[in-house]
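Following the hints, put chains X, G and W with the ligand in place on chain E, whose structure we already have.
Residue numbers (this note's numbering), protein chains in the order written: chain E, 1 to 79; chain X, 1 to 79; chain G, 1 to 223; chain W, 1 to 579.
No lab work stands behind these hints, which were simulated from the structure alone.
Some hints could be false.
Cut-off 27 Å, straight-line C-alpha distance, at most; resulting in silico cross-link-like pairs (DSSO-like, lysine-lysine) [unchecked claim]:
(1) G:Lys114 x G:Lys22
(2) W:Lys285 x W:Lys57
(3) W:Lys57 x G:Lys22
(4) W:Lys213 x X:Lys26
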Amino acid sequence: MRARVTVTLKEGVLDPQGKAIEGALKGLGFGGVNGARQGKIIDLELAESDPERARAEVSAMCEALLANTVIESYSIELV
Amino acid sequence: MRARVTVTLKEGVLDPQGKAIEGALKGLGFGGVNGARQGKIIDLELAESDPERARAEVSAMCEALLANTVIESYSIELV
Amino acid sequence: MKSAVIVFPGSNRDRDVATALKVATGIDPVFVWHADTDLPDVDLVVLPGGFSYGDYLRSGAIAARAAIMPAVAAHHARGGYVLGICNGFQILTESGLLPGALMRNAGLRFVCRKVKLSIERTDTAFTRTYRKGQVISCPVAHHDGNYFADPETLDRIEGNGQVVFRYAEGTNPNGSVNDIAGIADETGRILGMMPHPENLIADHQGGRDGLGLFAGLADLQPA
Amino acid sequence: MTIPNTIPITPELIAEHGLTPDEYDRFVGLIGREPSLTELGIVSAMWNEHCSYKSSKKWLKTLPTSGPTVIQGPGENAGVVDIGDGKAVVFKMESHNHPSYIEPYQGATTGVGGILRDVFTMGARPIAALNALRFGSPDHPRTRHLVSGVVAGVGGYGNSFGVPTVGGEVEFDPSYDGNCLVNAMAVGIADTDKIFYSKAEGVGMPIVYLGSKTGRDGVGGATMASAAFDDTIEEKRPTVQVGDPFSEKLLLEACLELMATGAVIAIQDMGAAGLTCSAVEMGAKGNLGVRLDLDHVPVREERMTAYEMMLSESQERMLMVLRPDMRAEAEAVFVKWGLDFAVVGETTDDLRFSVWHQGEEVANLPIKELGDEAPEYDRPWGEAVAPAALEPSAVPAVDDLGAAVLSLVGSPNQASRRWVWEQYDHLILGGTVTGPGGDSAVVRLEDGRKALALTVDVTPRYCAADPFEGGKQAVAEAWRNLSAVGAEPLAVTDNLNFGNPERPEIMGQFVGCIKGIGAACTALSFPVVSGNVSLYNATGDEAILPTPTIGGVGLIDDIDRRAGIAFGADGERVLLVGG
Ligand SMILES: Nc1ncnc2c1ncn2[C@@H]1O[C@H](COP(=O)(O)OP(=O)(O)O)[C@@H](O)[C@H]1O
Numbered sequence: 001m002r003a004r005v006t007v008t009l010k011e012g013v014l015d016p017q018g019k020a021i022e023g024a025l026k027g028l029g030f031g032g033v034n035g036a037r038q039g040k041i042i043d044l045e046l047a048e049s050d051p052e053r054a055r056a057e058v059s060a061m062c063e064a065l066l067a068n069t070v071i072e073s074y075s076i077e078l079v
Numbered sequence: 001m002r003a004r005v006t007v008t009l010k011e012g013v014l015d016p017q018g019k020a021i022e023g024a025l026k027g028l029g030f031g032g033v034n035g036a037r038q039g040k041i042i043d044l045e046l047a048e049s050d051p052e053r054a055r056a057e058v059s060a061m062c063e064a065l066l067a068n069t070v071i072e073s074y075s076i077e078l079v
Numbered sequence: 001m002k003s004a005v006i007v008f009p010g011s012n013r014d015r016d017v018a019t020a021l022k023v024a025t026g027i028d029p030v031f032v033w034h035a036d037t038d039l040p041d042v043d044l045v046v047l048p049g050g051f052s053y054g055d056y057l058r059s060g061a062i063a064a065r066a067a068i069m070p071a072v073a074a075h076h077a078r079g080g081y082v083l084g085i086c087n088g089f090q091i092l093t094e095s096g097l098l099p100g101a102l103m104r105n106a107g108l109r110f111v112c113r114k115v116k117l118s119i120e121r122t123d124t125a126f127t128r129t130y131r132k133g134q135v136i137s138c139p140v141a142h143h144d145g146n147y148f149a150d151p152e153t154l155d156r157i158e159g160n161g162q163v164v165f166r167y168a169e170g171t172n173p174n175g176s177v178n179d180i181a182g183i184a185d186e187t188g189r190i191l192g193m194m195p196h197p198e199n200l201i202a203d204h205q206g207g208r209d210g211l212g213l214f215a216g217l218a219d220l221q222p223a
Numbered sequence: 001m002t003i004p005n006t007i008p009i010t011p012e013l014i015a016e017h018g019l020t021p022d023e024y025d026r027f028v029g030l031i032g033r034e035p036s037l038t039e040l041g042i043v044s045a046m047w048n049e050h051c052s053y054k055s056s057k058k059w060l061k062t063l064p065t066s067g068p069t070v071i072q073g074p075g076e077n078a079g080v081v082d083i084g085d086g087k088a089v090v091f092k093m094e095s096h097n098h099p100s101y102i103e104p105y106q107g108a109t110t111g112v113g114g115i116l117r118d119v120f121t122m123g124a125r126p127i128a129a130l131n132a133l134r135f136g137s138p139d140h141p142r143t144r145h146l147v148s149g150v151v152a153g154v155g156g157y158g159n160s161f162g163v164p165t166v167g168g169e170v171e172f173d174p175s176y177d178g179n180c181l182v183n184a185m186a187v188g189i190a191d192t193d194k195i196f197y198s199k200a201e202g203v204g205m206p207i208v209y210l211g212s213k214t215g216r217d218g219v220g221g222a223t224m225a226s227a228a229f230d231d232t233i234e235e236k237r238p239t240v241q242v243g244d245p246f247s248e249k250l251l252l253e254a255c256l257e258l259m260a261t262g263a264v265i266a267i268q269d270m271g272a273a274g275l276t277c278s279a280v281e282m283g284a285k286g287n288l289g290v291r292l293d294l295d296h297v298p299v300r301e302e303r304m305t306a307y308e309m310m311l312s313e314s315q316e317r318m319l320m321v322l323r324p325d326m327r328a329e330a331e332a333v334f335v336k337w338g339l340d341f342a343v344v345g346e347t348t349d350d351l352r353f354s355v356w357h358q359g360e361e362v363a364n365l366p367i368k369e370l371g372d373e374a375p376e377y378d379r380p381w382g383e384a385v386a387p388a389a390l391e392p393s394a395v396p397a398v399d400d401l402g403a404a405v406l407s408l409v410g411s412p413n414q415a416s417r418r419w420v421w422e423q424y425d426h427l428i429l430g431g432t433v434t435g436p437g438g439d440s441a442v443v444r445l446e447d448g449r450k451a452l453a454l455t456v457d458v459t460p461r462y463c464a465a466d467p468f469e470g471g472k473q474a475v476a477e478a479w480r481n482l483s484a485v486g487a488e489p490l491a492v493t494d495n496l497n498f499g500n501p502e503r504p505e506i507m508g509q510f511v512g513c514i515k516g517i518g519a520a521c522t523a524l525s526f527p528v529v530s531g532n533v534s535l536y537n538a539t540g541d542e543a544i545l546p547t548p549t550i551g552g553v554g555l556i557d558d559i560d561r562r563a564g565i566a567f568g569a570d571g572e573r574v575l576l577v578g579g
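This is chain E alone, in the form it adopts within the complex (with noise of 0.2 Å):
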């Protein structure tokens, strides 16, 4: 089974890519672009085939490794 963990910065705390993301855009001439943001997204490729085994897992995973909940909140799909 797969999963697909998105971690994003919290609310508040400071984004460096997303900035500069933005600030190219608008240099690009896409005027519309009001704010950007970055995450990254990390696909499991699970031996465990129970959804929620294997949610359970991943959010361990989280928790160990993939996300620092200092700055950064994760989510888990299933696929």
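Chains X, G and W with the ligand only, in chain E's frame:
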């Protein structure tokens, strides 16, 4: 209107980040991980409110800047 | 003073800091492999600069979960000293031994240049050879050195006087909040800093401003 | 299920592999039958310009390559020069021009990675890197993208790997609009009695694959690097390789640790056309055959064909001939560093290059002939067409000299390069005495008073105006850069970047520059110990300016007796030396 752009590495392109994440998860005892690939998301705040025009605009942004289409593919989701 | 330098896969200033320790203290540090779980009997543990695990996922994130890290925390709890430089600082924040996080530089580019550092505290083992308010020269070389902490945390570390180094004279190279270049934990026995004092310890490098940090550690007494 | 290796070899297929009908006939003559697909791939890799030097070999042979301190001249992964005290400097320069134009960040990273590997394959620890970059006009629509990508890539790789990037050049000229140049140089230090070579020795010795896994990266890439750009550029895109400096750093440490155990008989990095070129070269140099079993090659993609494995350009890989009694020790080193280690074949006494996959022999070729019998051309060359001389009256006089100086200083080719080199870690390892910005970089050798002086230089305008004089001038300037910091010049590496050699006037530029380089190097006893040739830097009829980049290395015996470019104090005398 908001748009989420998801950028992932094309099939077959080496993903050193994914490889490192997979190794680290295994090292932390998550044995059931058979693969990991990393991608990114960019959340955009748009002035445009028409979905069709918004999608076209974001497509143009992806081609121009947000994705490196030599090695990455992208998808767009409007929210 | 006995010290250990932890070597992670991708550490690359491990030899630089070992040289600085040798020059300042006369004793070679021992190198300890990240996969070990025990530390030798030392007074100081150094987490060196580099790109541990390629800095993939987040700088320092994977190294912070290395097998040796519980021993580093235990060493500190026993009264030992810990120094993290650059990637080492990132590992310290990722492991929760220091507060805050190091984000991508505001300019988004890797920056290698000399900056000015003001010494905010001299009551730590790391800074006792300097004068309070002294401004020293020091190189930086990093991509993710933009120090960030939420407002409460920032208030707390400023209130406790945990900021040890600040970028001075408008030389902040990365957008760090309050020009923070290095912080200590509440005990003052853990220091994390982005700049590289280990690369400014000899005349051929253009000065010795960085040597004072290592000299201050020379007569650390076992706790 | 096996993957088919026998398909009819059509003229189209031959052309797609960059072989001319004559070259194909020559190959069929050598093997006495129609080749399999894998064999066609192998010969296309071995015989393309990049690997065979078929257009340039004749002229490269005219360069002076020896001297009292030269330990190894051209022909190995890098040149080696004695610097006394049992130490040697190991260095080479290499281009990654075409890949960088297609994907500037990854093109530059893999270029830097390749040249670093060349140096540490010889047993040297890299201590410095330099780079010479050339881009089109600053207002060309692609230039900004290329500059920022290439610079970030050069830095991204070197910084993470942990080598100081201490010098280089950046130049803009419209002739590079469609072909940027990325020339990377690496310099390392080794013990003179612990230099490692690529020549295999002994029959029945295990051949070991080291490093990262093999994917489909760059399949066809070596062929791409040798073909002038055309409209099919878009289709060639998926062959881009991705660099992984982290794995390379591990590979460096693992290789040096392994070499110290005495287990290595021969070692060769997998560069362009990875497994093919490295295996053939190791066998042919040692007068040995090689048998490979591809089933043991660590792969990261499914259902890879023999053809793909033989042509893959996946990065951060090495091939080694191992002392069989030390296998366990060797493997333990690689396991410790988390890298792949697999025995993929052995040396044989039959002088054949035999490749097996899924129980089938997919290639069986005469190993020496693949290299020795590669086509070699004496391409026709004419006098290069020199640009018309400027009439002094055609250059308007300036009224305001101050403003003229300002605009000169602020012009793209004169402006400060700080923006570039601040993105490079030029201080790591602690040896940098003079970083970017001077005549030559100066890097102190470990714990001593000695230092190396390093520079890269060429003035393509001069080479276009007069190839012979331009070639000479590039060498002379490198020489002056080294002596200006107080170094004794030692030796040279070069990177010869030119347009399409099938055009006589371009070949004329090439020949003229080589003759000039040869004349200057001979006069100065400044031997060429390594280098690289990059041809077909042209888009349609538009060729780049002739760009023979010279990398110079010199030795300073006492770092306290060096010179810099800064004036020291008020009231000093300024002397002009030379004529
Ligand atoms: N311009 C040159 N001058 C001197 N030697 C050269 C030059 N170009 C290539 N060589 C030498 O030829 C050999 C093969 O070159 P190399 O670029 O390593 O081939 P490849 O990249 O295909 O393995 C090397 O030893 C190199 O030093």
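For lysine 114 of chain G and lysine 22 of chain G, compute the direct alpha-carbon distance and say whether it is at most 27 Å. holds (23 Å)
For the pair supplied as a hint, lysine 57 of chain W and lysine 22 of chain G, confirm whether the alpha-carbon distance does not exceed 27 Å. violated (50 Å)
Is the Cα-Cα distance between lysine 213 of chain W and lysine 26 of chain X 27 Å or less? Roughly 18 Å separates the two Cα atoms, so the pair holds.
Need the status of pair lysine 285 of chain W, lysine 57 of chain W: alpha-carbon distance at most 27 Å? Judged against 27 Å, a Cα distance of about 18 Å means the pair holds.
Hint 3 alone, counting from the list given before, is not met by this structure.
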